[in-house]
Amino acid sequence: MCNPGVMLAKVISGSVYGVDGYQVTVEVDAVSGMGGFVIVGLPDAGVSESRERVRPAIKNSGFRFPGSHRITANLAPADIRKEGPGFDLPLAIGTLASTGQIPLDGLETTCLVGELSLDGTLRPVSGVLPIAIAARREGAERMIVPAENAAEAAVVEDLEVYGLTSLADTCDFLMNNLLAERTPAGIPDGQLDRPLYDVDFADVKGQAHAKRAMEIAAAGGHNMLMIGPPGSGKTMLSRRLPTVLPALSVSEALEVTKLYSVAGLLAPGTSLMTTRPFRAPHHTTSTAGLCGGGSVPKPGEISLAHHGVLFLDELPEYRKDSLEVLRQPLEDRIVTISRARGSMTYPASFMLVAAMNPCPCGFRGDNRKACTCRPDVVRRYVQRISGPLLDRIDIHIEVPRLEREELTSRQAGEPSESIRERVKEARERQLARFRERPFFCNEEMGARDVERVCVISAESEALLKAAVERLGLSARAYHRVLKLARTIADLDHSEPIDLPHVAEAVQYRALDTDLWA
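Letter by letter, the sequence shown follows residues -5 to 511 in the numbering used here.
Treat the hints loosely; a few may be bogus.
[Claimed, not checked] Simulated restraints, written as ranges between beta carbons of each label pair: (1) Arg327 - Arg429: 29 to 39 Å; (2) Glu453 - His203: 23 to 33 Å; (3) Pro369 - Gln322: 26 to 36 Å.
Keep in mind that the hints were calculated from the coordinates and are not lab data.
Just so you know, even glycine gets a beta-carbon here, dropped at the ideal spot from N, CA and C.
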């Protein structure tokens, strides 16, 4: 029953800070007398505009907007800035409940999120998954969201999710006049075990050594740089790297989905990201676009590549400051963005795959077309990539132009599924090895872990010392060669790291001398 004497209503909602959700209590007080609608609690412009959407939405949904009342809405906690249109629905419900048009029963355990159009239709909003996680953590039992966001919120266990289409339906549901169907909860069986890709390594002709390098990179999560003339297949190879990576675990899929939900990039009706991300920003992308930013920081490309691949084509063409921001995420697996309103930390555990030409014209070392670049021009071109950044890239390989016989061959290459099985077995060895450590693959090892699990023979040590002297490797590059050798041994089902494993790892650093000295 509705109570016309009620003057204060509390509605549960939520918002997002960084990639994590937090509960927001929408307190709406309606007082007879001078009209007006005030929203307090550090609302941004988008939240302040809610009153202009809520007023016509209430009227066009068949309810009475209390024009003779002064309505004050407080978004608590009041010390965190609120943003976005997701508070439209809880503000409308709070207004109707505070004026006795709908009951308060059940609102204390119901989380409401959604944008309203002027006719009362519910529109999808971003960040629903982290809000749903926060709502369940704070004790909410059910959640009402726009129908397009229902599958996303239903991933959270022990939370009843109802996807509705309008303010009128929401009110009917709260008054028990509408029997809505609950969105099926949880993750569909096998959804993560069958990632779908529209590309395959079987499409790649030749380039056996590049495929081998990519298999090693996938098995250990290593970063990679490919150098070759235009049309040699660098981009084609890179786009197929996610197809040989192991399927996302549930925790990884939730982290990726949260990021895409916050960024507003989750497709309507999507419950969970099931394929590893592949991000390929253009070389004109700004530093903020790459690492994240804005007056209210949003995740950038390196965070959107979390648990996936970040592909940077034409690497020397990127702005120097944009490339240098990669250094911290490649080491720490996070990116921190500081602004006047506070700092936010986003996850950034990704594989960096970069591609470049050997010179500005692209044909240095090509066996069919002569290079027209002067030596000083070539030197300035390759020196656009700093030594510290190059140090953080484990594998450097040349990708030459295909020979005519390879290009015209009708023989299909090895399919991604076969490569993925070998990668999966190597990753399982690493998971068993690091079961008590907070990481999942060899690339993430710290210096102490390298010393513990990358023990090599005296013969291998002599080879590695000679490589350090000849290539001028830094301490960081030395440890990365050991990590790479550990991955090659894992692919070889070998617990000891033997001389062939170290020798193969060293040859992936040969470009240190060839191009950068």
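Structure-based check of each hint:
Here the CB-CB span from Arg327 to Arg429 is close to 19 Å, at odds with the stated 29 to 39 Å. A hinted range of 23 to 33 Å for the beta carbons of Glu453 and His203 is consistent with their spacing of about 24 Å. The given range of 26 to 36 Å is respected by Pro369 and Gln322, whose C-beta atoms sit roughly 33 Å from each other.
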